[in-house]
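Asks: If you read the protein sequences in the order shown, they are chains A and B.
For the first sequence, my numbering assigns the number 4 to the initial residue and increments by one for each residue that follows.
For the second sequence, my numbering assigns the number 17 to the initial residue and increments by one for each residue that follows.
Since the hints were made in silico from the structure, they are not lab data.
Predicted model, so just to flag it, every value in this text is computed and none were measured.
The reader is advised that the hints may include incorrect statements.
[Claimed, not checked] For the chain A half of the interface with chain B, some residues (derived, Cβ under 10 angstroms), not all of them:
1) Val-7
2) Ser-31
3) Tyr-35
4) Tyr-39
5) Gln-41
6) Leu-47
7) Leu-49
8) Tyr-53
9) Phe-106
10) Thr-108
[Said to hold, decoys possible] Listed next, the in silico DMTMM-like pairs over lysine to aspartate or glutamate satisfying Cα-Cα at most 20 angstroms (straight line):
11) B:Lys-60 x A:Glu-98
12) A:Lys-52 x B:Glu-68
13) B:Lys-67 x B:Asp-46
[Stated by the list, open to error] Simulated DEER-style distance windows between Cβ atoms:
14) B:Gly-75 x A:Pro-82: 33 to 39 angstroms
15) A:Ser-15 x B:Lys-70: 38 to 44 angstroms
16) A:Pro-116 x B:Ala-113: 42 to 48 angstroms
17) B:Arg-80 x A:His-85: 27 to 33 angstroms
18) B:Glu-30 x A:Asn-44: 33 to 39 angstroms
19) A:Leu-23 x B:Ile-119: 21 to 27 angstroms
20) A:Ser-83 x B:Ser-74: 39 to 45 angstroms
21) B:Glu-84 x A:Ser-73: 17 to 23 angstroms
22) A:Ser-73 x B:Gly-87: 44 to 50 angstroms
23) B:Glu-30 x A:Gly-19: 46 to 52 angstroms
24) B:Gly-32 x A:Leu-23: 35 to 41 angstroms
25) B:Ala-18 x A:Leu-23: 43 to 49 angstroms
26) B:Lys-67 x A:Gly-19: 45 to 51 angstroms
27) B:Thr-86 x A:Glu-69: 42 to 48 angstroms
We put the beta carbon where it would ideally sit given N, CA and C, even for glycine.
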Amino acid sequence: AQSVTQLGSHVSVSEGALVLLRCNYSSSVPPYLFWYVQYPNQGLQLLLKYTSAATLVKGINGFEAEFKKSETSFHLTKPSAHMSDAAEYFCAVSEGGFQKLVFGTGTRLLVSP
Amino acid sequence: EAGVTQFPSHSVIEKGQTVTLRCDPISGHDNLYWYRRVMGKEIKFLLHFVKESKQDESGMPNNRFLAERTGGTYSTLKVQPAELEDSGVYFCASSQAEAAKNIQYFGAGTRLSVL
């Protein structure tokens, strides 16, 4: 069975500071990994995905994530936070193809001026 | 192009009543998924349609939940009778038929409150 652990239900950063949201996964098969973001009153929007190509994945809005098999991690980073990045972020894993997504519990990012 | 649309956005019902949630996927998307997030917990998979067929319904919690996708277009999720523990946000997602393009696009969700 697959699972995802997101460390920290809330992360607070100052505007301009580094954003680091942690995600560790468990999978018995080579995983497909995703980061989604949910802004208030909106649906989940895909930020980026890893599907066994390059281990450093670049996404929208300046976010990127690095797949580290040895650490079973897929942490999300952004060099400089903007106020508009305040949202809830979800890490997810799947077995690929059309398989279901297995989500972590989410991390709410708070950005202060 | 319209995204995934869910109706209603909010629903408040009493225990024992029936509620029907609707999802309109992106036009042409054969795959349709339902997920649920109970307060403070992770988003959990409920089921997956390919066109009008149920591909995987392993996440359906019990027989009070009935999902349909007649004609392979929109889908409904009926809860009958609703219980307190059914409260949460129900998300629908859709994706294209090509595996390489299997990005799931999500709707804004239906927030269900059972009192």
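Asks: Hint by hint, say whether it matches the structure.
Replies: Hints and how they fare:
no.	hint	verdict
1	Val-7	8 angstroms, holds
2	Ser-31	16 angstroms, violated
3	Tyr-35	9 angstroms, holds
4	Tyr-39	7 angstroms, holds
5	Gln-41	8 angstroms, holds
6	Leu-47	4 angstroms, holds
7	Leu-49	6 angstroms, holds
8	Tyr-53	13 angstroms, violated
9	Phe-106	4 angstroms, holds
10	Thr-108	5 angstroms, holds
11	B:Lys-60 x A:Glu-98	15 angstroms, holds
12	A:Lys-52 x B:Glu-68	28 angstroms, violated
13	B:Lys-67 x B:Asp-46	5 angstroms, holds
14	B:Gly-75 x A:Pro-82: 33 to 39 angstroms	37 angstroms, holds
15	A:Ser-15 x B:Lys-70: 38 to 44 angstroms	42 angstroms, holds
16	A:Pro-116 x B:Ala-113: 42 to 48 angstroms	46 angstroms, holds
17	B:Arg-80 x A:His-85: 27 to 33 angstroms	44 angstroms, violated
18	B:Glu-30 x A:Asn-44: 33 to 39 angstroms	25 angstroms, violated
19	A:Leu-23 x B:Ile-119: 21 to 27 angstroms	24 angstroms, holds
20	A:Ser-83 x B:Ser-74: 39 to 45 angstroms	42 angstroms, holds
21	B:Glu-84 x A:Ser-73: 17 to 23 angstroms	45 angstroms, violated
22	A:Ser-73 x B:Gly-87: 44 to 50 angstroms	48 angstroms, holds
23	B:Glu-30 x A:Gly-19: 46 to 52 angstroms	49 angstroms, holds
24	B:Gly-32 x A:Leu-23: 35 to 41 angstroms	46 angstroms, violated
25	B:Ala-18 x A:Leu-23: 43 to 49 angstroms	35 angstroms, violated
26	B:Lys-67 x A:Gly-19: 45 to 51 angstroms	48 angstroms, holds
27	B:Thr-86 x A:Glu-69: 42 to 48 angstroms	44 angstroms, holds
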